[in-house]
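Protein chains: 2
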Amino acid sequence: MSPPYKLTYFDIMGLAEPIRLLLSYGNLEFEDCRVPRESWPNIKANMPFGQVPVLEFNGKVYHQSIAISRYLAKQVKLVGKDDIEDMEIDAIVDVLMDFRSKVAKYHYDGDEAAKEAYAKTLFGEIVPFYLEKLDKQAKENGGYLVGGKLTWADLILVGTIDYMNFMAKKDLFAGAPNLIKVKENAALVPTIQKYLETRSNNHRC
Amino acid sequence: MSPPYKLTYFDIMGLAEPIRLLLSYGNLEFEDCRVPRESWPNIKANMPFGQVPVLEFNGKVYHQSIAISRYLAKQVKLVGKDDIEDMEIDAIVDVLMDFRSKVAKYHYDGDEAAKEAYAKTLFGEIVPFYLEKLDKQAKENGGYLVGGKLTWADLILVGTIDYMNFMAKKDLFAGAPNLIKVKENAALVPTIQKYLETRSNNHRC
Chain C
1 MSPPYKLTYF DIMGLAEPIR LLLSYGNLEF EDCRVPRESW PNIKANMPFG
51 QVPVLEFNGK VYHQSIAISR YLAKQVKLVG KDDIEDMEID AIVDVLMDFR
101 SKVAKYHYDG DEAAKEAYAK TLFGEIVPFY LEKLDKQAKE NGGYLVGGKL
151 TWADLILVGT IDYMNFMAKK DLFAGAPNLI KVKENAALVP TIQKYLETRS
201 NNHRC
Chain W
1 MSPPYKLTYF DIMGLAEPIR LLLSYGNLEF EDCRVPRESW PNIKANMPFG
51 QVPVLEFNGK VYHQSIAISR YLAKQVKLVG KDDIEDMEID AIVDVLMDFR
101 SKVAKYHYDG DEAAKEAYAK TLFGEIVPFY LEKLDKQAKE NGGYLVGGKL
151 TWADLILVGT IDYMNFMAKK DLFAGAPNLI KVKENAALVP TIQKYLETRS
201 NNHRC
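Protein sequences, first through last, are from chains C and W.
When the letters of the first sequence are read in order and numbered with UniProt numbering, they come out as residues 1 to 205.
When the letters of the second sequence are read in order and numbered with UniProt numbering, they come out as residues 1 to 205.
With the rest of the complex left out, here is chain C (with noise of 0.2 Å):
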């Protein structure tokens, strides 16, 4: 019998990471379905509204990560106590993808001289900027991002940190000890810990 839920995005961490990490640390068992590029164009058509990560289950497909990602938080319990650490969560998480869409603007920016332009206001003003603020956060809920506790928005972080890096090139959250330490508290869940590890690049559909 094939898993419950089956993932699709490319064969790389990017917008994907958070669901893998989400799924695994419930025990989730899913089908972590890459996709090679040159197979892209094919499966785009099929999309809903043309993009992936998408996830299946029950016979119906879900896209846009971060409704995914949340809908995953309530099956493995990863939500806030209440309406208002929701909207807490809520808000980090959406200042995370705030932030890295700052990052992935860099990144896919073909213009080599607005690029060079644009880098001195990112790693000048904007990461330094998100980086304290965040850093601060944590450091004030205790290791967690809200709530002094586990929650999604500590597994969106940690699954989009590498991301991040990758697109920065450089290790952007090297100065965030309280950022660091989200990641070494979420890698004590041990289902966390045992996917972290044994990640792969492997599996294509």
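The hints are all genuine.
Put simply, identical chains are the same to the list, so a pair is met inside one copy or across any two.
Calculated pairs, DSS-like style, for lysine-lysine (alpha carbon to alpha carbon, straight line, at most 30 Å):
(1) Lys194 - Lys183
(2) Lys136 - Lys60
(3) Lys194 - Lys81
(4) Lys44 - Lys139
(5) Lys169 - Lys115
(6) Lys133 - Lys6
(7) Lys74 - Lys60
(8) Lys44 - Lys136
(9) Lys170 - Lys133
(10) Lys6 - Lys136
(11) Lys169 - Lys194
(12) Lys81 - Lys149
(13) Lys139 - Lys6
(14) Lys149 - Lys183
(15) Lys169 - Lys105
Treat the hints as calculated values from the structure; they're not laboratory data.
No experiment lies behind these values; they were computed from the predicted model shown.
Fit chain W to the known structure of chain C by using the hints.
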């Protein structure tokens, strides 16, 4: 006594209009604090992550417009019937935000040559792509975005249409009859109708 909610944003619809709609829908009294542009530098320094809108209540300041909207949707009961429907709402809200940001990229581009080049892709490909898929979803859901009934996803759309048209300098939604129907259906709710008829830009802090 001051109202329980204080919303702080600029004197425009922008990212705050869905929040104003949700508060108004639920008859939740709020102070609609609109900051003049000249006061912004002083206020920015005190905002979480340097941005507005923020919503203040019970002595705390909450940020990120979609996180705030989702919280308010829970309070006024405009959420889905279960976790799956909530994921579908979250997904379409994130699609609307992706769509908005692609229009914003055009509006805020200060380089006229780059702007003209991007306009071809935006109006020739991106806008038709999103409108066709969004309109189809609204048609399948009987003039709503999810679940055949009013949810906060509809109010995100209603609150974003004018801002997007302003940024695009044209009526983007003229050829999307089912999205127009979403707006008409929302306006059938007396509290929404009253807000849309009486909203003003006159309140300043």
